[in-house]
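In case you want the letters, here they are:
Number of protein chains: 2
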Amino acid sequence: MKVSVVKNILEANERIAQENRAIFDEKNLVVFNLMSSPGAGKTSLLEKTIGALKDELRMGVIEGDIQSSQDAERIAALGIPAVQINTGGACHLDGNMIRDTFKEFDFDALDLLVVENVGNLVCPAEFQVGEDFKAMILSVAEGDDKPAKYPLMFHESEILLVNKIDLLPYVDCSVEKIREEALKVNPGLTIFEISCKTGEGLGAWYDWLRDKVKARRSARKQQ
Amino acid sequence: MKVSVVKNILEANERIAQENRAIFDEKNLVVFNLMSSPGAGKTSLLEKTIGALKDELRMGVIEGDIQSSQDAERIAALGIPAVQINTGGACHLDGNMIRDTFKEFDFDALDLLVVENVGNLVCPAEFQVGEDFKAMILSVAEGDDKPAKYPLMFHESEILLVNKIDLLPYVDCSVEKIREEALKVNPGLTIFEISCKTGEGLGAWYDWLRDKVKARRSARKQQ
Chain A
-15 MKVSVVKNIL EANERIAQEN RAIFDEKNLV VFNLMSSPGA GKTSLLEKTI GALKDELRMG
45 VIEGDIQSSQ DAERIAALGI PAVQINTGGA CHLDGNMIRD TFKEFDFDAL DLLVVENVGN
105 LVCPAEFQVG EDFKAMILSV AEGDDKPAKY PLMFHESEIL LVNKIDLLPY VDCSVEKIRE
165 EALKVNPGLT IFEISCKTGE GLGAWYDWLR DKVKARRSAR KQQ
Chain B
-15 MKVSVVKNIL EANERIAQEN RAIFDEKNLV VFNLMSSPGA GKTSLLEKTI GALKDELRMG
45 VIEGDIQSSQ DAERIAALGI PAVQINTGGA CHLDGNMIRD TFKEFDFDAL DLLVVENVGN
105 LVCPAEFQVG EDFKAMILSV AEGDDKPAKY PLMFHESEIL LVNKIDLLPY VDCSVEKIRE
165 EALKVNPGLT IFEISCKTGE GLGAWYDWLR DKVKARRSAR KQQ
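Those protein sequence lines, which keep their order, are chains A and B. By the working numbering, the letter at position 30 of the first sequence is numbered 14, and the numbering carries on one by one without gaps. By the working numbering, the letter at position 192 of the second sequence is numbered 176, and the numbering carries on one by one without gaps.
It is possible that some hints are incorrect.
Given that identical chains are not distinguished, each listed pair holds provided it fits within a single copy or across any two copies.
As the list claims (entries may be wrong) - Only pairs whose alpha carbons sit at most 30 Å apart, straight line, appear in this in silico DSS-like list of lysine-lysine:
{"#": "1", "residue 1": "Lys205", "residue 2": "Lys161"}
{"#": "2", "residue 1": "Lys133", "residue 2": "Lys87"}
{"#": "3", "residue 1": "Lys205", "residue 2": "Lys168"}
{"#": "4", "residue 1": "Lys196", "residue 2": "Lys87"}
{"#": "5", "residue 1": "Lys11", "residue 2": "Lys168"}
{"#": "6", "residue 1": "Lys198", "residue 2": "Lys161"}
{"#": "7", "residue 1": "Lys32", "residue 2": "Lys87"}
It should be emphasised that the hints constitute simulated quantities derived from the structure, not laboratory data.
Go ahead and model the full structure; you've got the sequences and the hints to work with.
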């Protein structure tokens, strides 16, 4: 009975996510879903990424938070269209919440839409929103045992950004162990080691993202 | 319809939690539910607390993780009865999972049972397990905007442990702001600033916990 309720919710969400995806495809819009624990650096990564790429990629951001609009305000301050979703208690974004933001955007004026999920290393990984790919952040302050303990998000993501590497001298965390354990869960994972504070490692992420968006858009055009 | 399903799940859980609580009361066992984001330091806090108090308080621990038994092994290595719950994907512990561990413990040989919840700053706060009180940890590496963005756990907790204060020189986080924002959400919150790494501030927490367990047990005896 319980399992069946969960399955129905997930199936209903999957259908809405596919509808969202069809709209993104029609508009030739690349979408990624950015997930992490609270405070791992999602909004900071977006601020840096927008600063670096906004002249090359026309970006928009959907901010998901249980409440408050601080994150959307941080993004909007950079001159980027940003819509805040307040889930009112819910621990993840779903396809329906994303669909509700569509009227706020002009998708013809965007190349890339980023969905910043609610800070939670568990539930967001279960819910598709219509994205092209998922990216996750793990802060080194969270420790190197996280891929083994919270495997689903590592399994579902195409990108793992290991953030706050400037803290490595002060915390008990091995990036080598994160890499090994994360690749055990998902051998296809692409991993970047970054510091949103110092900027270290961000260039490789910008290059990857720029290439990904261009490749995706040109593949769509050839379809 | 959706709301009604959620409500029924929460109501069923509430009933089971009350049954658990009746058993804890009968055994004169004090129980607290320890919650935080992944990697904020729940298991480290328990290791330190057990080391400091195990000659005064007979402690047992229930470890909740989606998978793996690393945390229960860390606790059992200290000579403390520890039972691992693997939720198999679920993002929080509920009353039923806790009840399933009872056969593994001799409650007559314990004064204090700690339930270490799944690492998640959102969902665990919604589910009672029969505890006397809830305690939560926020790592300073997570940032000082968390009480405003994830208010429910701050609202439900009696204790907030602000951990990893040894990292304060290296992160953009004001403990003063955490205090202010957390007290806005829950004016009754008792706050400790600690470092499980250096031991700073832990003495005050040990004193509070020792007094709480003793006061609770003597209040029960007088009933």
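Structure-based check of all given hints:
1. In this assembly of identical chains, the alpha carbons of Lys205 and Lys161 never lie at most 30 Å apart, being 40 Å within a copy and 50 Å across copies at closest.
2. Taking the shortest alpha-carbon separations for Lys133 and Lys87, only the inter-copy value of 25 Å comes in at or below 30 Å, while the best intra-copy value is 38 Å.
3. Taking identical chains as interchangeable, the C-alpha atoms of Lys205 and Lys168 are never at most 30 Å apart, the minima being 35 Å within one chain and 52 Å between chains.
4. Taking identical chains as interchangeable, the C-alpha atoms of Lys196 and Lys87 lie at most 30 Å apart only when both belong to the same chain, with a minimum of 26 Å there against 53 Å between chains.
5. When the C-alpha separation of Lys11 and Lys168 is checked against a cutoff of 30 Å, the pair qualifies neither within a copy, at 36 Å, nor between copies, at 44 Å.
6. In this homomeric assembly, Lys198 and Lys161 never come within 30 Å of each other (Cα to Cα): the closest approach is 32 Å inside a single copy and 42 Å across copies.
7. Taking the closest pair of Cα atoms, Lys32 and Lys87 come within 30 Å of each other only inside a single copy of the chain (27 Å); across copies the shortest separation is 52 Å, beyond that limit.
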